[in-house]
Amino acid sequence: MASRPHPLAELTRARILEFLREPEAVFWVFVFPVLLALALGIAFRSSRPAKLQVAVVDGPGAAWVSESVDRTATAIAHRLPEGEALEALRAGRVDLVVEVSGEPSSAQVPRITFRFDPTRPEARTARLAVSEALRRSRGLPDIGEVLEEPVTTPGSRYIDFLIPGLVGLNLMGSGMWGIGFSVVVARTRRLLKRFAATPMRRSHYLLSFAYSRLLFLFAEVAAVIGFGWIAFDVKVVGSLFDLTVVSIAGAVCFAGIGLLVAARPRTIEGVSGWMNLVMLPMWLLSGTFFSYERFPDVTHAAIRALPLTALNDALRAVINQGTGLAASWTQLLVILAWGVASFLFALRIFRWQ
Amino acid sequence: MMPEAKSKAERTAVLCRGLVKRFGDVTAVAGLDLEVRIGECFGLLGPNGAGKTTTVEILEGLTRHDAGSVEVLGCRWGTGCDRELRERIGVQLQETQLGERLTVRETLRLFRSFYRQGHAEDEVIAMVGLEEKRHARVGKLSGGQRQRLALACALVAEPEILFLDEPTTGLDPQGRLHIWEVIEAFLARGGTVLLTTHYMDEAAHLADRVAIMDHGRIIALDAPARLVASLGAEQIVEFHTEGEIPATVLTGLPGVRAVGQRDGETVLSVKEIGVALPAIVAELTRIGVRFDALRTHEATLEDVFVHLTGRGLRDG
Chain A
0 MASRPHPLAE LTRARILEFL REPEAVFWVF VFPVLLALAL GIAFRSSRPA
50 KLQVAVVDGP GAAWVSESVD RTATAIAHRL PEGEALEALR AGRVDLVVEV
100 SGEPSSAQVP RITFRFDPTR PEARTARLAV SEALRRSRGL PDIGEVLEEP
150 VTTPGSRYID FLIPGLVGLN LMGSGMWGIG FSVVVARTRR LLKRFAATPM
200 RRSHYLLSFA YSRLLFLFAE VAAVIGFGWI AFDVKVVGSL FDLTVVSIAG
250 AVCFAGIGLL VAARPRTIEG VSGWMNLVML PMWLLSGTFF SYERFPDVTH
300 AAIRALPLTA LNDALRAVIN QGTGLAASWT QLLVILAWGV ASFLFALRIF
350 RWQ
Chain B
0 MMPEAKSKAE RTAVLCRGLV KRFGDVTAVA GLDLEVRIGE CFGLLGPNGA
50 GKTTTVEILE GLTRHDAGSV EVLGCRWGTG CDRELRERIG VQLQETQLGE
100 RLTVRETLRL FRSFYRQGHA EDEVIAMVGL EEKRHARVGK LSGGQRQRLA
150 LACALVAEPE ILFLDEPTTG LDPQGRLHIW EVIEAFLARG GTVLLTTHYM
200 DEAAHLADRV AIMDHGRIIA LDAPARLVAS LGAEQIVEFH TEGEIPATVL
250 TGLPGVRAVG QRDGETVLSV KEIGVALPAI VAELTRIGVR FDALRTHEAT
300 LEDVFVHLTG RGLRDG
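Chains as they are written, first to last, in numbering that gives the first Met the number 0: chain A, 0 to 352; chain B, 0 to 315.
Keep in mind that the hints were calculated from the coordinates and are not lab data. C-beta: ideal position from N, C-alpha, C; glycine also. A couple of the hints might just be wrong.
If we take Cβ atoms under 10 Å as the criterion, some of the chain A residues that face chain B in the derived model are [claimed, not checked]:
#1 F18
#2 R70
#3 K192
#4 P198
#5 H203
#6 L206
Take a look, some chain B residues computed to stay more than 10 Å from chain A by CB distance [said to hold, decoys possible]:
#7 E94
#8 R100
#9 R188
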C-alpha cells in the first residue's frame, strides 16, 4: 500500500492547483491590484502645488492688487471685469475674487472685498495669501522674523498611504472572492455532498482554504509592495518579518470571513450579494483610499473594530512608520478574533448539500 | 452469484425498517423496508421521483430520515460510528460534478487521501479503464469517462458496499456496458452493491434482487427472473387500435393471461405465443377492429412495473 498523504495537505494541494489553473482568478488577485495602484499613484502623484488663482476686478487699485499678488510665489492674478470674474469663481477657475476701491495712500485706506467659497480650503488659503501680499506691499510690519522650511518626507505622500491600504484591500478581496466562489461552486455541483460522503474531516476541508491562501499571500503582497517600491519608491520602513506576520493574520482572517459568507448560500448570485454586503462598508470606511479620521469621531471606535481597518492600520504601522508588532497588538487581536470566530461559526453552520 | 459471496449471504449489509422521509408536504419515502445481503447486488428500480435517490442518500448517511431505522454494516448513522462507516462504504451520487481543473489522477489522489486504506490511484484508474486519460483534466472528459471517474472515486477506498445512484443515466450503450463491467468486477471480488436505476435492463442484468419502487414504497421485491415470472407470462403482445376495445373481448382467448391498456395501446400478457397470437388476430378480425403496430417481446421488468402500476417506468 502506498504511504498515505495527509488529507489536509492533499486538499490544500488540490485547491492551489485549481486556483492556478483559473486564469481569471490569477488576474484579479495579482494583476488587478497592481493596475489599481498604478492608476491611483499617477492620479495622486505628488507634484508642486498648483498656484492659487485670483481674479482681480478691473477698476482703480486693480493694478496695485494684481502686482502685489504676482509678486508672491503662491498665487497668480487675473484682471477681469466684474461679471467675468464672478463667472470664473462660480466655475471654479479662480479660487478668489478681489475687488478694491482704489490705490492706497496716506489719505485713504482702500476698501477691499474678498469673494470666495469658505468651504473650499484653496479659497481660504487664497484669501489669506492675498491679504498677506497686500499688507507687505504697503510696508506694514511682519509679526516677527518668519522662516519657512518646506517638508516633504518620503512616507507621507498619498501613494505611501495608499499602498498599505491596497495590500489590505487585496487580502480581503482575494480571500473573500477566492474562497466564496470555490465553496459555492462546489456546493452547486454537489461536490461538497460527495466529500461529506467520505471520512474527510470537515474542518480539513475548510482549513485547506486558509492554508492555500497562505501560499498565495506572499505572491500577492509582494506584487503590490514590489510595484509600489519600483514605480513610486514606496519603502517598507518596518521589518519584513513584521509585514509577513500582519499579512498572514489578515489572510487568515478574511479566509475565515469568506468561509462564513459562503457557509450557506446555494447560488453564485446569493454569495455575491453577501460578499458585497460584507465588503462594501469596509471598502468605504476602513481607510483604504482615504483616512477614516474624516468620519465623525463617534464612529471611529466602530470603524476600528472592522477587520479591514485593523489590518490597514497594522500594515501602515509596519510599512509607513516602521513601528514594531507590539504597538499594533490591538489591531492584531481584532484581526485574529474576526478570523477565528468566523471560522468556527462557519464550521458549525456550513451547508454540505 | 459468486460461491464465496453466497457463503456470506446470511449476513446483512443494509437493513432498514419503516423508513419515512418527508420534504414539506411531500412524502418522498413512505415506510420502506429493505434488506441488502452481503455480497449481493441489490437494485432499486423505479421511475424518476419514486424516492430512490432519497432512500439511497439516507442509507449513505447524507440525509436524515423522519422515522424508521437504518443500519449499514451493523451501524446506525449518528451513533458515533459515522466516520468508521464512511471508511467502509463507497458512494457515487447522482450528478456529482468533480472539480474540472484537476486531472483524473489528481482527483483520485485527493479522494484516496481521505481513507485509511484503499487502492493506489493507478490501480483504480486501471479498474475503470481510464489509463489513457490519467493526466487529462476532468473538464475534458466525456460523459461516460466522468461516470467512470465517479465510480473510481467510490472504489478507491476498497469499500465493502458500493452505493450507486443511477450510474449509467445519460450514457450511450458502450458507456453503460463499460460501467457494468466495472460493477461486475467489484461484485466478483465479493463486494456488495446497492444501485438505483430506471433502466429495467440494467436492473435485470446486474441485480441479484430487485425492489420495484413507486411513490416512496416498494411494490415488489424478488430476483429479476422471478419478478418477470410472477406475471405468469412469457411474452407480451402489444398493438394499437383506433379507440379502446373492451378488455373482455380478449380475456377469454387461449394463452392470454392478462389484458391492459397503456397510452392508447392494448397490452396482453400471454403464455404460449404460438397459440395466443393467431387467436388474438382472428378475434380482432372477427369483431372488425382495425389494429396496427402489433409487436411481441419477451416479458421484462418493465412489464412487471406496468402490470403493477399501470404506468411505464419512463412516464414518471
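Hint check results:
Using the Cβ-Cβ criterion of 10 Å, the hint placing A:F18 at the interface with chain B is satisfied: the shortest such distance is roughly 9 Å. For A:R70, the interface hint is violated, the least distance from its beta-carbon to any beta-carbon of chain B being 69 Å, above 10 Å. Using the Cβ-Cβ criterion of 10 Å, the hint placing A:K192 at the interface with chain B is satisfied: the shortest such distance is roughly 6 Å. The beta carbon of A:P198 is positioned within 10 Å of a beta carbon in chain B (closest approach about 4 Å), and the interface hint is therefore held.
For A:H203, the suggested interface contact is upheld, since its CB lies about 9 Å from the closest CB of chain B, less than 10 Å. About 14 Å separates the beta-carbon of A:L206 from the nearest beta-carbon of chain B, more than 10 Å, and the hint is not met. B:E94, annotated as away from the interface, has a beta carbon of chain A within 10 Å; the closest lies near 6 Å. The non-interface label for B:R100 is inconsistent with chain A: the shortest C-beta to C-beta separation is roughly 4 Å, within 10 Å.
With a minimum CB-CB distance of about 17 Å to chain A, B:R188 clears the 10 Å threshold, and the non-interface call stands.
When each numbered hint is compared with the structure, violations occur for hints 2, 6, 7, 8.
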